[in-house]
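Engineer: Residues per chain, in single letters:
Number of protein chains: 6
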Amino acid sequence: MTDATTRAQRYTHGRAVLDSVDGSAGAAVVDGLADISPELGHQVVSWAFGEMYSRPALAPRDRQLVTLGMLTALGGCEPQLEVHVNAALNVGLSPDQIVEAMLHSAVYCGFPRALNATFTAKKVFGERGLLPRSDSAAPDGGPQ
Amino acid sequence: MTDATTRAQRYTHGRAVLDSVDGSAGAAVVDGLADISPELGHQVVSWAFGEMYSRPALAPRDRQLVTLGMLTALGGCEPQLEVHVNAALNVGLSPDQIVEAMLHSAVYCGFPRALNATFTAKKVFGERGLLPRSDSAAPDGGPQ
Amino acid sequence: MTDATTRAQRYTHGRAVLDSVDGSAGAAVVDGLADISPELGHQVVSWAFGEMYSRPALAPRDRQLVTLGMLTALGGCEPQLEVHVNAALNVGLSPDQIVEAMLHSAVYCGFPRALNATFTAKKVFGERGLLPRSDSAAPDGGPQ
Amino acid sequence: MTDATTRAQRYTHGRAVLDSVDGSAGAAVVDGLADISPELGHQVVSWAFGEMYSRPALAPRDRQLVTLGMLTALGGCEPQLEVHVNAALNVGLSPDQIVEAMLHSAVYCGFPRALNATFTAKKVFGERGLLPRSDSAAPDGGPQ
Amino acid sequence: MTDATTRAQRYTHGRAVLDSVDGSAGAAVVDGLADISPELGHQVVSWAFGEMYSRPALAPRDRQLVTLGMLTALGGCEPQLEVHVNAALNVGLSPDQIVEAMLHSAVYCGFPRALNATFTAKKVFGERGLLPRSDSAAPDGGPQ
Amino acid sequence: MTDATTRAQRYTHGRAVLDSVDGSAGAAVVDGLADISPELGHQVVSWAFGEMYSRPALAPRDRQLVTLGMLTALGGCEPQLEVHVNAALNVGLSPDQIVEAMLHSAVYCGFPRALNATFTAKKVFGERGLLPRSDSAAPDGGPQ
Numbered sequence: 201m202t203d204a205t206t207r208a209q210r211y212t213h214g215r216a217v218l219d220s221v222d223g224s225a226g227a228a229v230v231d232g233l234a235d236i237s238p239e240l241g242h243q244v245v246s247w248a249f250g251e252m253y254s255r256p257a258l259a260p261r262d263r264q265l266v267t268l269g270m271l272t273a274l275g276g277c278e279p280q281l282e283v284h285v286n287a288a289l290n291v292g293l294s295p296d297q298i299v300e301a302m303l304h305s306a307v308y309c310g311f312p313r314a315l316n317a318t319f320t321a322k323k324v325f326g327e328r329g330l331l332p333r334s335d336s337a338a339p340d341g342g343p344q
Numbered sequence: 201m202t203d204a205t206t207r208a209q210r211y212t213h214g215r216a217v218l219d220s221v222d223g224s225a226g227a228a229v230v231d232g233l234a235d236i237s238p239e240l241g242h243q244v245v246s247w248a249f250g251e252m253y254s255r256p257a258l259a260p261r262d263r264q265l266v267t268l269g270m271l272t273a274l275g276g277c278e279p280q281l282e283v284h285v286n287a288a289l290n291v292g293l294s295p296d297q298i299v300e301a302m303l304h305s306a307v308y309c310g311f312p313r314a315l316n317a318t319f320t321a322k323k324v325f326g327e328r329g330l331l332p333r334s335d336s337a338a339p340d341g342g343p344q
Numbered sequence: 201m202t203d204a205t206t207r208a209q210r211y212t213h214g215r216a217v218l219d220s221v222d223g224s225a226g227a228a229v230v231d232g233l234a235d236i237s238p239e240l241g242h243q244v245v246s247w248a249f250g251e252m253y254s255r256p257a258l259a260p261r262d263r264q265l266v267t268l269g270m271l272t273a274l275g276g277c278e279p280q281l282e283v284h285v286n287a288a289l290n291v292g293l294s295p296d297q298i299v300e301a302m303l304h305s306a307v308y309c310g311f312p313r314a315l316n317a318t319f320t321a322k323k324v325f326g327e328r329g330l331l332p333r334s335d336s337a338a339p340d341g342g343p344q
Numbered sequence: 201m202t203d204a205t206t207r208a209q210r211y212t213h214g215r216a217v218l219d220s221v222d223g224s225a226g227a228a229v230v231d232g233l234a235d236i237s238p239e240l241g242h243q244v245v246s247w248a249f250g251e252m253y254s255r256p257a258l259a260p261r262d263r264q265l266v267t268l269g270m271l272t273a274l275g276g277c278e279p280q281l282e283v284h285v286n287a288a289l290n291v292g293l294s295p296d297q298i299v300e301a302m303l304h305s306a307v308y309c310g311f312p313r314a315l316n317a318t319f320t321a322k323k324v325f326g327e328r329g330l331l332p333r334s335d336s337a338a339p340d341g342g343p344q
Numbered sequence: 201m202t203d204a205t206t207r208a209q210r211y212t213h214g215r216a217v218l219d220s221v222d223g224s225a226g227a228a229v230v231d232g233l234a235d236i237s238p239e240l241g242h243q244v245v246s247w248a249f250g251e252m253y254s255r256p257a258l259a260p261r262d263r264q265l266v267t268l269g270m271l272t273a274l275g276g277c278e279p280q281l282e283v284h285v286n287a288a289l290n291v292g293l294s295p296d297q298i299v300e301a302m303l304h305s306a307v308y309c310g311f312p313r314a315l316n317a318t319f320t321a322k323k324v325f326g327e328r329g330l331l332p333r334s335d336s337a338a339p340d341g342g343p344q
Numbered sequence: 201m202t203d204a205t206t207r208a209q210r211y212t213h214g215r216a217v218l219d220s221v222d223g224s225a226g227a228a229v230v231d232g233l234a235d236i237s238p239e240l241g242h243q244v245v246s247w248a249f250g251e252m253y254s255r256p257a258l259a260p261r262d263r264q265l266v267t268l269g270m271l272t273a274l275g276g277c278e279p280q281l282e283v284h285v286n287a288a289l290n291v292g293l294s295p296d297q298i299v300e301a302m303l304h305s306a307v308y309c310g311f312p313r314a315l316n317a318t319f320t321a322k323k324v325f326g327e328r329g330l331l332p333r334s335d336s337a338a339p340d341g342g343p344q
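Residue numbers (our numbering), protein chains in the order written: chain R, 201 to 344; chain C, 201 to 344; chain E, 201 to 344; chain U, 201 to 344; chain Y, 201 to 344; chain S, 201 to 344.
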């Protein structure tokens with residue numbers, strides 16, 4: 201980190217981190233920015249992923265737990281939440297943990313935010329063949 | 201309330217309250233959660249409606265006034281606002297009162313939130329055959 | 201409303217509405233703006249209260265229910281919430297109804313917003329000699 | 201401003217300001233309100249544009265910079281942001297300045313809000329034939 | 201969970217969970233509600249902690265990571281963030297992990313939210329004798 | 201920008217930009233982070249100011265207009281707003297323009313956010329000897 205780096209080198213480093221966390225969904229966002237704001241794409245890659253995500257002080261799965269909490273709370277971030285539900289699965293969180301994090305969000309953000317996040321997870325899980333989930337709570341009081 | 205209840209009993213009680221307030225729209229939300237987070241559906245029913253909505257300290261119409269204010273202010277809650285515009289009509293608020301509450305919201309939340317809420321009401325009112333509304337302000341300065 | 205009015209006349213009309221709803225707390229806000237943004241004070245009075253609050257389509261108590269919901273949901277509006285807890289009492293909402301509206305907000309905004317609003321109500325109620333409140337729920341499970 | 205005006209006169213004045221800033225997009229919003237809340241349309245026109253926008257203390261382009269910042273930060277205001285990206289172009293901000301304002305927003309609102317705003321600008325720019333934009337940063341580190 | 205429970209039993213169970221996670225800070229919040237909204241205190245204890253926090257699908261430390269993300273993103277929740285920085289330490293997150301989660305939040309919520317959260321952590325860490333922290337990044341570019 | 205730079209060089213560059221925009225208020229924030237999160241201070245300096253603020257596509261005064269809009273809209277950012285009211289004055293916005301931007305915010309964010317921002321400006325203006333401001337609107341309808 202004390203070595204001199206060029207802007208292009210920082211981009212290359214960030215792109216590797218982005219790919220490892222977000223997979224093709226992250227690349228699609230950056231590609232979508234190419235004709236309107238390539239600099240925003242550059243900063244997502246070089247700064248957000250190259251500088252922040254690559255720090256070792258928090259494990260990738262832990263970063264996604266924090267990120268799911270933030271995106272749920274902010275509201276109106278369904279496109280980004282979709283990317284990060286995928287990212288959460290990519291870095292080792294289980295479907296149950298993701299759904300539980302969104303259930304937990306009802307306590308702090310209220311039910312509308314928890315519902316919007318959960319329906320975003322439903323969309324991603326469906327695309328990845330992860331539905332239906334089993335849930336131990338269903339027998340004694342869930343819907344039939 | 202001092203009697204012992206089971207989880208299933210609390211669900212049954214909450215479901216009756218949910219149905220009386222939200223009608224089929226509330227049931228549709230709970231059904232949509234069945235394969236992804238039945239526990240979230242359970243908590244909407246058992247806690248939000250069974251515990252909170254069933255308290256007598258605030259009349260059902262008053263709860264919906266507070267709820268319309270919150271959902272408008274939060275932003276990004278159009279699906280929930282749609283459910284609760286229906287709920288507001290179900291529990292006795294008039295179309296004029298609902299539209300006026302959203303007009304009032306411009307003072308505290310600004311026009312974008314007021315506009316988004318009002319266009320959500322327009323969708324629901326249209327589905328229920330409540331359009332066009334008359335409005336006494338139109339003659340002296342509304343659009344033609 | 202079809203008659204011609206001057207800016208000063210609209211201010212005078214709005215000030216009467218403001219005084220009837222917010223009492224001295226509203227006047228204090230307007231006075232505090234005199235040396236920094238008298239125009240903001242003018243618009244609070246002439247537009248928010250003179251135009252919006254004076255419309256008959258929603259009763260004053262109903263406007264305060266919507267307003268309490270919005271201010272709770274927005275967060276960071278404790279000074280305005282303090283004014284409007286007072287306003288809510290002024291226009292006929294009971295302490296129980298105000299506290300219940302804030303309890304209800306936990307469902308839609310989560311507990312942090314509900315707590316901040318409730319502690320603001322506690323401050324206002326204390327200033328008006330309305331504490332402690334009795335609460336029927338206490339015997340079977342509230343704190344001792 | 202000290203002269204007496206009627207409600208209809210204030211509407212006519214505001215409509216001229218609205219048309220000059222927002223163009224046909226603003227008119228479409230007001231028209232869409234005609235059957236649900238003509239009074240909300242009246243207040244957008246008469247108060248927001250007639251009273252606030254017409255004040256000389258801030259240039260139209262400066263008002264749009266502030267407005268783009270607010271709409272980006274609020275989140276969930278994509279319909280309004282679409283209107284105001286058009287408005288920003290109408291009052292003389294360049295495409296580069298608009299995109300840069302949204303890039304700048306990442307610092308204060310985070311990347312999800314910046315991304316949502318930028319993709320809204322992309323939609324408007326596409327409709328107005330302003331894509332692709334050139335960006336000097338691309339050569340040394342943007343996506344290929 | 202299929203057994204019948206009374207309201208008082210659910211409170212007792214929740215209180216044990218609250219105490220184990222939040223320690224005396226959680227109890228202080230509930231005590232502060234006793235004279236204004238004991239029912240809100242009851243629901244924090246019985247529902248938030250007794251029902252939601254006690255579910256095994258997410259480890260206590262993982263719940264706090266999500267919670268720190270939400271409270272940082274919501275803004276205006278400094279009192280709750282203070283409780284949960286303490287809670288995060290209580291359930292095994294290290295000071296470095298907490299500070300890193302808040303640094304990470306700058307990517308999604310922007311710097312103002314990240315700064316407010318970090319200064320709240322500073323207050324709690326100071327009270328618990330955890331300052332100054334060492335940070336490996338300081339030598340090559342932090343402030344002197 | 202295509203040249204290789206070290207982390208320390210990027211910090212030095214950013215610090216010069218920070219000092220030119222925020223003055224001593226920015227430095228105080230960075231200093232306050234030294235014992236809790238020097239990395240957050242580093243990123244404020246190196247990335248926010250060194251990378252983003254130093255881009256020529258938007259004039260410094262224009263950046264502050266966008267920033268004032270965002271901080272007002274976000275809410276709960278009074279400490280940052282205080283820094284940026286100072287910054288706005290430093291880069292050439294007049295007191296009238298700053299106050300007008302906050303008045304304008306009432307249209308998009310509602311009055312509570314506009315009031316909180318304006319009272320923050322009042323504090324800063326008072327510290328800099330800029331009060332009372334004259335305001336042409338006062339004669340015909342402002343408070344006495």
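Worth flagging that the hints you see were computed from the coordinates, not collected in a lab.
There may be inaccurate statements among the hints.
[Claimed, not checked] Beta-carbon label-pair distances, calculated as ranges:
(1) S:Ser-294 to E:Gly-292: 55 to 63 Å
(2) C:Ala-234 to S:Thr-212: 52 to 60 Å
(3) R:Thr-212 to S:Ser-254: 19 to 27 Å
Note that beta-carbon positions come from the ideal geometry of N, C-alpha and C, so glycine has one too.
Engineer: A separate judgement is required for each hint: does it hold in the structure or not?
Structural biologist: Taking the hints in turn, this is what the structure says about them:
Between Ser-294 (chain S) and Gly-292 (chain E) the beta carbon distance is about 45 Å. The supplied range of 55 to 63 Å is therefore violated. Against the hinted window of 52 to 60 Å, the Cβ-Cβ separation of Ala-234 (chain C) and Thr-212 (chain S) comes to about 58 Å, which satisfies the hint. A hinted range of 19 to 27 Å for the beta carbons of Thr-212 (chain R) and Ser-254 (chain S) is consistent with their spacing of about 22 Å.
In summary, the one numbered hint that this structure violates is 1.
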